[in-house]
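In the order they appear, the protein sequences are chains L and F.
In terms of my numbering, the first sequence is residues 1346 to 1676.
In terms of my numbering, the second sequence is residues 134 to 794.
Calculated from the structure, these hints are not laboratory results.
There's no promise every hint is true.
To be verified - Simulated restraints, written as ranges between beta carbons of each label pair:
| no. | chain 1 | residue 1 | chain 2 | residue 2 | range |
| --- | --- | --- | --- | --- | --- |
| 1 | L | 1395 | F | 604 | 16 to 26 angstroms |
| 2 | F | 517 | L | 1390 | 36 to 46 angstroms |
| 3 | F | 275 | L | 1354 | 42 to 52 angstroms |
Stated by the list, open to error - Residues from chain L that face chain F, not an exhaustive set, calculated with beta carbons under 8 angstroms:
| no. | residue |
| --- | --- |
| 4 | 1360 |
| 5 | 1367 |
| 6 | 1383 |
Source: prediction; values computed, not measured.
The C-beta atom is built at its ideal place from N, Cα and C for all residues, glycine as well.
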Amino acid sequence: MDNDLNHKEINRRNFMTRSAKAGLSIIAACSLGYGFYDPTGPAKYKKNQEITHFPDYSVNAAGDQFCVVNGKERIKTIQLALKALGGIETFIKKGDKVLLKVNAAFASPAILSATTNPELVGEITRLCFKAGASSVVVADNPINDPAICFTLTGITQAAESAGARVVLPKKKFFKPTTIQGAELIVDWPVFYKPLQNINKVIGITPVKDHHRSGASMTMKNWYGLLGGRRNIFHQDINNIIKELAMMIKPTLVVLDGTTTMITNGPTGGSISDLKETNCMIVSTDQVAADAFGATLLGKTWRDLPFISKAQAKEVGTANYKTLKPGMISSG
Amino acid sequence: MNIVITRRISQCFFLILFFWFCIVSTLGEHWWQLRGWPVNWFLELDPLVGIGTLIATHTIYSGLIWGVVTIVLTILVGRFFCGWLCPFGTIHQFIGYLSHGKKSIAEKKGLNRYRNAMSIKYWILIVLLIAAISHLIYYPAQITHNNSWIFWCLLVIFFISIAITATLKLLSRPSKAVAVFSSFLIIWIILSIWFPVEQITIGALQTGLVDPIPLLYRSVNLALLPLVDKTEFSLSSYERLYDGAWLIGILFLTTIVLNLWIPRFYCRFICPLGALLSILSRFSLWRIGKTQKECINCDFCEMNCEGACEPSGKIKTGECILCMNCLNECPEDLIDFGTSPSEAGEILSPDIHRRGFIVSFVFGAAAIPMLRLEGSVGSNWNPHIIRPPGSLKEIEFLSRCIKCGQCMRICPTNIIQPAGFDCGFEGLWTPVLNYRIGSSGCQLNCIACGYVCPTAAIRSLTLDEKLGKNNYFGAGPVKIGTAFIDRGRCLPWAMETPCIVCQENCPVSPKAINTREYFSAIKMKSDLTIHNYAPDRVDFEGSPFAPESFSTGDYYCAIHGLPDELPKLIIKNTSSTLTIASTNPWQKTPAPMDKIDILIRVQRPYVNPERCIGCGICEHECPVKGQRAIRVSPENETRDREHSLLLPIKRNQNQSLKGGA
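Same shape as in the complex, but just chain L (with noise of 0.2 angstroms):
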C-alpha cells in the first residue's frame, strides 16, 4: 500500500514537472507567435533617399587655379605645374590623408595611355607625402578585373614603391548613395571605402577620345567610384558626367594630355590611337581643365554636352582663361 502511495507520489510530481515544461513551451510558443507575427507580409522595396554629402576636398585658400605646362616629361611637367600654382604645398597640409582617384579602367600596358601613367601616379604620391600628407591612396573600380588593371598597367608598382596603398574595389565597399540634386545617382552603390577617413581628393587621368559622350577626362574619371549596374547610364551619359562632376569637389585634378587618344577610345589598344599633344594640365577647376583638354582632341568645350551642364550646375567654369592660366614650357 505504502508502496503504491510513494508511485502515485511519484506520477504526481512527475506530472506537476511535465506540466510546468509544457506550460513553458507553450508561453514561449505563445509569444513569439506573438512577437514575431505579421499580419501584412513584406513591404515594397523603398528607395533609400537619404542625401550623402561627401565633403568639399577643395582648399579654398588657393583659390581657382589652372595651369597648363608644355612638354614630354610628366615628372618634370608636373613639377613645373605644382610650382606654379604655389607649390604642392598650398594644396596638401601636414597630417593630410589623400585620395588619388586613377582611371585604371583597362588591363592595358601604360604605352597604350589607356589609363592613368604610372610615372605621374608614383610622383604625385612623391609629390604628397614631401608635403607631409600622412598616407595616399590609390583607388578605382576598373571595368576589366580590377587586380589584373592595376597590375598591368603599372599603377600598383608606381604607387606602392611610392609608399602609397592601393585600395581594390570589394562588393562591401560599396554604400548606396543620393547625391543632392541628382537625379541619377540616386540610391546607387558608390565606391565609398577609399573616399573615407580622407581628407584630400586628387583626380589624375589621360585625355583620351570616347565613342558616347566624345572625351573622357577629369570629369568622367569620377565614373571610377560608381558600383552596381552603372553601364545603364550610358543611357544618359552627359547628365551622368555632370553629376559626377557635382558628385566629387577635388582638391586638384591632373589631366595628363602628354599623349592623347585621340581614335579608338576608351580602350585604345595602338599606338597609332595616340598622338603626342604634351599638356600636363593642373587645375582646381575640373570644368575649366576639361574645357582645356577638348582642345587636344580638337574640339571645343561646346562639342562636349556635359561641360555646359556642368557649368549651369557651377561646378566650375567652362571659360579657363578667366582663370589666368599660367602656360609654361618646361623647355
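Chain L is fixed; fit chain F onto it per the hints.
Quick look at chain F alone, frame taken from chain L:
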C-alpha cells in the same frame, strides 16, 4: 462512441475538407470556387511552414499564425496532427490498411515494430531547418563588429564563472565545461572574422520539398486534379498542363506505394513535420501508456500501431501518433490515455545522437552556400525565369516559397508552372511563368496568385498596385519582364507578311507595342509597264498577275523611281488591271511606258520598354508557334533593380516615346 471510430471520422472529415479546398482553388464566381474559402488552412496549420518561414524571414505571415495552435495542442496531447488530421497521413494509413489488413498478428507486429531508420526523419528535419537558418549565424558574427561590448561582457562572465565554479567545485567535470565553452568562443571568433556578409550567407527554405502538407497540395494541384480536369468533371474551362508534373506525380505515387512495404512509410521514415511534432510532444501532459507493467504479452496493441511506437514495452512516446488502436485492441484494458507515464516505462528522447546531429547540421549549413556558388541569385540569374507579379526579389523569394503549387492551381490562365532546375536546385518546383502553356498571358486585372500565396513569396497586390493606379501612380505598374521582338522570326520584319497580332493583343493602354508602316516592293516575274491609264486604273499588257491577288487591302502600287509619291492602295485587280482607291490621287499622272511597282504594306512592331509590363500575352498569341517571334524575359522586372533595363527618363506625354510612333 469508440475513440478509434471518432479518430476515423476526424481523419475522413479533414481528408474531405482538404480535397474540398483543392477543388475550390479555382478562380470563378460559383459558390464552389475561390470565394473566401480558407484554402490554405492546412498549410497554415502545418507548423513546419510557420517555423520554416519564421527562421528564414523572422516573421510569421498572416494565417501562418495557425501553426501556434497546432504547436500548443501538440505540447498538450502529442502528435494528434499526424493521427487525426494530416490528410497525407490518412491516405497512407488507408493504403496501409488495404495492403496489410488481412495479415496475421505476428506479421502485423513485425510490420509495426520500431526500426532504427525511423530516425532519418529527424536528420531530414535538421538539414532543412539549418539550411533555412544558416544566415542567422550572421547575427552573432556581427556582434563582435558592431556591439563588441556584448562579446567582452560574455568573455568576462565566462572567466568569472570559471573562477567561481572552480573555487566552489560546483561542476563535477569543470574541465569539460571549460572545453565546451572555449570551443564555442573560438568558433564564434572565427565566424566573426571570416563569415561573409554577402548573399552566400542567406538561407533558403527547402522544407516544402518533403513537408507533407505542401507535398500533398503540390501533388494534388499539379498531378491529380489536372487529370480530373480532363474528364467530364472538369473544374477548369481549359485543359490544365504542368511542366514536369510527371516527376511530382511519380514521387507522390512512390510515397503511396511504399505503404505496401511498411505501413505509413513516409510518416515513419521521412516526414520532417512528424519529426518536429515528435520533438514538441516531449512534455505532453496526456499520453498513451500501460497502466501496469506486466501483461499477457498478447501483442494485440502492436498489431495496428500506426506510429510503430511499441506500446507493449517501453513506449517511444515521440513516435506515438495517437491512433488509439492499442487502446482499443488491448483485451485486458491495460492501455490508457492519461496523465501518468506508462508503467512499462517510456523512451522520451527521439533517437538523435550527437554524431548524426553534427553531420546533418554540417550538411544543412553547407547546402545553401554551396548551391549559391552557381550564382543563380546573383550575376548568373537565369534570363528565362519570370516570376509571378508581386514576387519578391529572388533571394527573399527563395526564403519564403514552400513549393505548394497553390499559385499554379489558382492561375486562371495556367501560365504559372513549377520550375525544374532552371533557377538552381533550391528553386525546384517554385512558380515560374511559361507563356507557351495555358490560355493566355498574365491577365491584367488578375491578382489571384499573390492573394492565395500562403507565405507571401508572391506579395498580395491590390489591383491599384499591380496596375500602377491611384496611390501607386508614381510607382507605375508592376512589371514582370519586357517583351523583345526577334526580328529574324517576326512575320512583318523577316518575311514581309502583315501580322501585328502582338500589337493588337497588348492589353496596356496606351499600348506597349507600336508599329511603323513599311512598304516593300514585290518581286515580279517581269517589269510592269503601263499600257493604258485612267485616274483610278492602270492596265498592263498580257496577264502579269492572278486576278484578285492584290486586292487584299495590303497591296499598293507606285510609279517606279518616284520615292516621294505615296503608294496607292489597290482595291481590285484582274489579270492585267489594277484598280486604285480614289482617296489618294496621283500627284504625277502616270504615263504609258512608266514602270509600276507593286508594294506590300506591313506594319512592323516595336516594343516600348517603358510601357511593357511583361504580361506575355503577345508571346502567347504570336503566330510563330515554335520559338515565338516575340518573347518576354525578366528585364526591367519590378522585383529586382539589378534587372532594370532603362534609366527613368523624364518625358512629356506628347513627346514621342521609344519604339516607334
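Going down the list of hints, with the structure as the test:
1. L:1395 <-> F:604: 16 to 26 angstroms: Cβ of residue 1395 (chain L) to Cβ of residue 604 (chain F): about 23 angstroms, so the range 16 to 26 angstroms holds.
2. F:517 <-> L:1390: 36 to 46 angstroms: Check failed, 23 angstroms falls outside 36 to 46 angstroms.
3. F:275 <-> L:1354: 42 to 52 angstroms: 51 angstroms, holds
4. 1360: 5 angstroms, holds
5. 1367: With a minimum Cβ separation of about 4 angstroms from chain F (threshold 8 angstroms), the hint on residue 1367 (chain L) holds.
6. 1383: Holds: closest Cβ of chain F sits about 4 angstroms from residue 1383 (chain L), inside 8 angstroms.
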